[in-house]
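S.K.: As a plain string of letters, each chain reads:
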Amino acid sequence: MESNKGPHGDPGTTIRYAPWPRPADSPPGATGSPVTLSVNDAPVEVEVDHRTTLLDLLRERLALTGSKKGCDHGQCGACTVLVDGRRVNSCLLLAVAVDGCAVVTVEGLARTEDADGDLHPIQRAFLERDAFQCGYCTPGQLCSAVGMLAEARSGQPSVVTDPDLAADGPVPLTDEEIRERMSGNLCRCGAYPHIVEAVQDVVS
Amino acid sequence: MKPVSYLRAGSVEEAASAHGGRTEARYLGGGTNLVDLMKLGVERPEVLVDITRLPLDDVREQPDGSVRVGATVRNSDLAAHPLIRERYPVVSQAVLSGASGQLRNMATTGGNLLQRTRCAYFQDLAKACNKRVPGSGCAAIEGVNHDHAVLGHSPHCVATNPSDLCVALAAVDAVVELAGPGGGRTVPATEFHRLPGDQPELDTVIRPGELITAVLLPALPHGAVSHYRKVRERASYAFALASVAAVLQLEDGEIRHAGVAFGGLAHRPWRARRTEAALLGTRPSPESVARAVEAELAEAVPLRDNAYKVTLARDLATQVLGSLSTTA
Amino acid sequence: MASHANALGAPIERREGRAKVTGEALYATEYTPPGCLYAWPVTATVARGRIASLDIADALALPDVVDVLTPESAPRLGTSDDATLAVLQDAKVPHHGWPVAVAIADTIEAARAAAEAVRVTYATEPHESVLGDNTADAYRPEEANGGHPAERRRGEPEEAFAAAPVRVDVRYRVPPLHNHPMEPHGATVNWHDGRLTVYDSSQGSDTVRSVLADLFGLPEEQVTVISEHVGGGFGSKGTPRPHVVLAAMASLHTGRPVKLALSRRQLTELVGHRAPTEHRLRLGSDADGTLASVIHEVTTHTSRVKEFVEQAAVPARVMYASGSSLTDHKVAALDVPTPSWMRAPGEAPGMYALESAVDELACALGLDPIELRARNEPGREPDSGLPFSSRHLVECLREGARRFGWADRDPRPGIRREGAWLTGTGVASATYPVLVSPSRATVTAHPDGLHVVRVNATDIGTGARTVLAQVAADALGVGVESVRTEIGSTGLPQAPLAGGSSGTASWGWAVHDASRALAGQLQCHTGPLPPDGLTASADTKGSADQKSAYARHAFGAHFAQVAVDTGTGEVRVRRLLGVYAVGRVLNARTATSQFIGGMVMGLGMALTERGSVDPASGAFIGSDLAGYHVPAHADVPAIEAHWIEERDDHLNPMGSKGIGEIGIVGTAAAIGNAVHHATGVRFRELPLTPDRVHGGL
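Residue numbers (the working numbering), protein chains in the order written: chain Y, 237 to 440; chain U, 50 to 377; chain A, 25 to 721.
Everything labelled a hint here was simulated from the structure, so no lab data went into it. Do not take every clue at face value.
As the list claims (entries may be wrong) - Derived, one-sided and incomplete: chain Y residues facing chain U with beta-carbon distance under 8 Å:
(1) Ala266
(2) Asp308
(3) Val332
(4) Ser380
(5) Glu387
(6) Gln392
(7) Pro393
(8) Glu416
(9) Arg417
Said to hold, decoys possible - Computed beta-carbon distance windows for the label pairs:
(10) U:Glu240 to A:Pro58: 54 to 64 Å
(11) A:Arg440 to U:Pro237: 38 to 48 Å
(12) A:Asp193 to U:Glu240: 47 to 57 Å
(13) Y:Gly405 to A:Arg598: 25 to 35 Å
(14) Y:Pro399 to A:Asp79: 51 to 61 Å
(15) A:Asp193 to U:Glu343: 33 to 43 Å
(16) U:Arg93 to A:Arg596: 36 to 46 Å
Said to hold, decoys possible - Just a sample of chain U residues kept apart from chain A, beta carbon distances all over 10 Å, derived:
(17) Glu62
(18) Leu132
(19) Leu265
Quick caveat, the model's predicted, so the values are computed rather than measured. We put the CB at the ideal spot given by N, CA and C, even for glycine.
All chains should be modelled from the sequences, with the hints used to inform the complete structure.
M.R.: So this is what it looks like as structure tokens:
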């Protein structure tokens, strides 16, 4: 049941964050702490205000502005990044809480294991399908798609998955599955139909 | 958000001691609700105790056939776990009906039980809200209350509980396991959340400093079937207008066990005991199911904008129970 | 060279695409100049009154807080035509959400905390914020948005209606709607050496420059506004919005660069919204469907800050021949945030009502709704009497019917059941006016074969860089890959906004003219090009703004198939198809995306989107992206967009009509008509959420 295949691997059925049960180094009462994390495979050591979200750390401190702030409250998905291989809303993750984790943002997708160093296949598919217009939701859509593909491969169901489907195999990604699984990423330009096509291109 | 201290707990004991039952302390789980509310100024903790790395992150079968879900098991892992998918489809479906893939990857089981209402007046510091500021009034009662409660509300609060998971937990008679300064205890899921009464600031019966360590799912009766169905204003990624979790077991065409709960209708997941009583021992027909559902909703008191919830919940539950009774 | 002349229309990949999928594209608040501060507005929590007290002591005491600007300490502004920009100038509160202070801090966290710590009390006055209770106070404005006369009357419409053998007299309601572009309105502003450099999320930076110059008393040459990438606008970034003024004030006050982005809740009350509209439609026809009378009366709201009147009755002046007609607007000035442009202002709500009523008339007549429309096809524009430059509405309807399989449709409502679901199909027409404004542009031919187009166009997601390169390549007769486009800065030749579906026509016209001029120069030129190349410029003032002798509009047809769960009232769109007649389509790929995007927003208008005013506070309550439901992936089926070949020589040198808005027009009506066909019930208030539909079945 346990697997922890690293930042970009197949997440398996039960996924744990890296075992890291240690108190923060900062003294009691401090309102900031040093954190160490990996961002797009580069080590980052930085002192953060405990209120700082991972999104604001990326955008305002690390100059990684690819991750977007659309709502700042987990309501739009534009801030989606991968933390230890799983897609999450970086606007609701405190940076101090991801101490020790491996973060992949849109800027790092091209260097993940499915990619060729130039573009990740999902990035290429988005270009080919014109799966965006203004581009502001796009990094979140891309990171979400990468995380979602791994989830389906590992057999995680969605609410539209046939309940009788065996729990130990991958979930076939119909258009309906893709739509449901990508629903945490809003796109006001309405590129959804092309996004589904782009994801299907990568599936097949 | 004001400056806040942070401690990453390595054990339940360390977490409980760091929290100490102080009003200015909060346990930090997935953060999907707490960080949201901190940004809005609704939650103003001075101490955050991060419990996400406690060893409470597994789903395990117990010797008595029940299943123990650790409090920090992420929602997506809970929904995907083979034990949950096979034995408690209603729980898996409820989790998957909520939020988004990203949020489910973050949110924890314990945090799901403690999420606050999505009442827009609760979330807006400028509006009167007895839940946020006891005694300040309730702007929702006369306000835009389309999304609010129709059952069990009080003149002090008409908020609803937003959780999908908790509706399923109520229907399967889950038990909440707590650790606290005074030791551990368990509370049935149906009694964990409160009705607002004159203390709407209390969502649950949790005591200061107590920490949810697990949720226990008792074995369902042999041959029981279950389902969760939710109606919302878009096809995904929205809170429930109304939802139903149902567990049925039939023998020789007669209902032997029924667990039914409503979501989106009340300050807590609403266990439909009257419906269950009316169903037990009957051979279900569309008419008998409809009557059983109406028995529960007869006491609904809608507000100006939400009378639709009563008939919607009625038809939804009738649909779900009718369909379950033909597959059971 | 002639082999290159077909760059126009080709489905060329968007040029900024790579920057967008790699995260390299920079939006307004993604520039962080050294020493940059963060600003966070404090907004009013009452609907009407004055600030009674404002205490910033607690805020200033917080760590990393630099200052809090208030109406007392904020810089005085020069005058502007736009009263919504006169922020922090006095203690008056004209609506909920109006800025009353701005906190400035070294970090974003501290700025937010400081804003939260500002204590404000108000002397309130009685207010009215909900349209409906105040319709009696509504007045007829001088004109509606777009300069349209509020009232137009032709013949004796009331009498003709009363005498008509078949009549439809119905009312429709559209709630307030929020633009909600994915990128919140934000700006990074840097005052340095008497100059103002602004990165703004705007649909038109030249206007931002001129307005900021006026407000801060600067010559325009000392102001640079950059909008390189813009995360959507849909009208809400069409003119400067208060965020950029507040950011500029904060930068002027502190002498440091300042970044400010509105929160979702703040922006719904500060950047405009689509005003709610109440429609009364009266259609009277002969027994064969020939319209004797078309009466469309609209009531809407505006704020007390500025009059904005959603011109929802205007499309009825364009669409159908009729013996007589009345189109009229009334507006109530309420204590609400100021409404403004949202994708197809006027047309979107107006055509929802008109096209729903036409469907009702078709049902009353027992006539196919496409046939009814065809029977009332006008020879000239009904209101103006002008000839159409081109009009292929009926062709769109027929082509859509063919593609959709309309011929097999059984018109009887409420009879197609699949378990709990009822299914149905619906159709509606679409229209949008041809708008165009003067623009300047330059095109330079370099010795290395590169051609550089310069124009301060804005790419809000349309692919402006790409299509303008196609226009230039076509006019120059060169390969499109040899053309580079520079847009998105006031340092470039002046150009109008990306709005009103006019951007490509306006910029493209100037690019075309400059390219043709350059081509002429190149023909005469002998020998190698000078090191800086040869440059030609164009200014279409005097040509693009010439009044046309024709009525110029794009037309289209929308078809929808829906399924309605009779147990829960949930409506799912299973199929959406649009066919358009929009002159020449300049880039098949990006045009398809715009059409589909418009239809998706129309789907949201039909099914999920509802702004709500809290009567007690005058607030848009639940207006963030959790409470206000823009469509999600799961709401949206595969969508088809097609167009018919349309040649129109009365438009612009490219022969194109605007395409950014027509996709939303009529889509809600097509879906609503399909819901009627599915259920047999006519719902006349949007959105068609489960509460309404379940209750109505």
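S.K.: It remains to establish, for every hint, whether it holds in the given structure.
M.R.: Now the hints, each set against the structure:
1. Ala266: 6 Å, holds
2. Asp308: 7 Å, holds
3. Val332: Check passed: Cβ of Y:Val332 comes within 5 Å of chain U, closer than 8 Å.
4. Ser380: Holds, because the Cβ-Cβ distance from Y:Ser380 to chain U comes to roughly 7 Å (cut-off 8 Å).
5. Glu387: Holds - the Cβ of Y:Glu387 comes within 8 Å of chain U, reaching about 7 Å at its closest.
6. Gln392: 4 Å, holds
7. Pro393: Cβ of Y:Pro393 sits 6 Å from chain U, so the hint holds.
8. Glu416: Since chain U brings a Cβ to about 6 Å from Y:Glu416, closer than 8 Å, the hint holds.
9. Arg417: Since the shortest Cβ distance to chain U is 6 Å, the answer is holds.
10. U:Glu240 to A:Pro58: 54 to 64 Å: 58 Å Cβ-Cβ, so the 54 to 64 Å window holds.
11. A:Arg440 to U:Pro237: 38 to 48 Å: 46 Å, holds
12. A:Asp193 to U:Glu240: 47 to 57 Å: 56 Å, holds
13. Y:Gly405 to A:Arg598: 25 to 35 Å: 29 Å, holds
14. Y:Pro399 to A:Asp79: 51 to 61 Å: For Y:Pro399 and A:Asp79 the Cβ distance comes to about 58 Å; the hint holds.
15. A:Asp193 to U:Glu343: 33 to 43 Å: For U:Glu343 against A:Asp193, whose Cβ atoms are near 38 Å apart, the range 33 to 43 Å holds.
16. U:Arg93 to A:Arg596: 36 to 46 Å: 42 Å, holds
17. Glu62: U:Glu62 clear of chain A: closest Cβ-Cβ about 31 Å, beyond 10 Å.
18. Leu132: Answer for U:Leu132: holds, closest chain A Cβ roughly 27 Å.
19. Leu265: Non-interface label on U:Leu265 holds, nearest chain A Cβ at 31 Å vs cutoff 10 Å.
Checked against the numbered hints given earlier, the structure satisfies every one of them.
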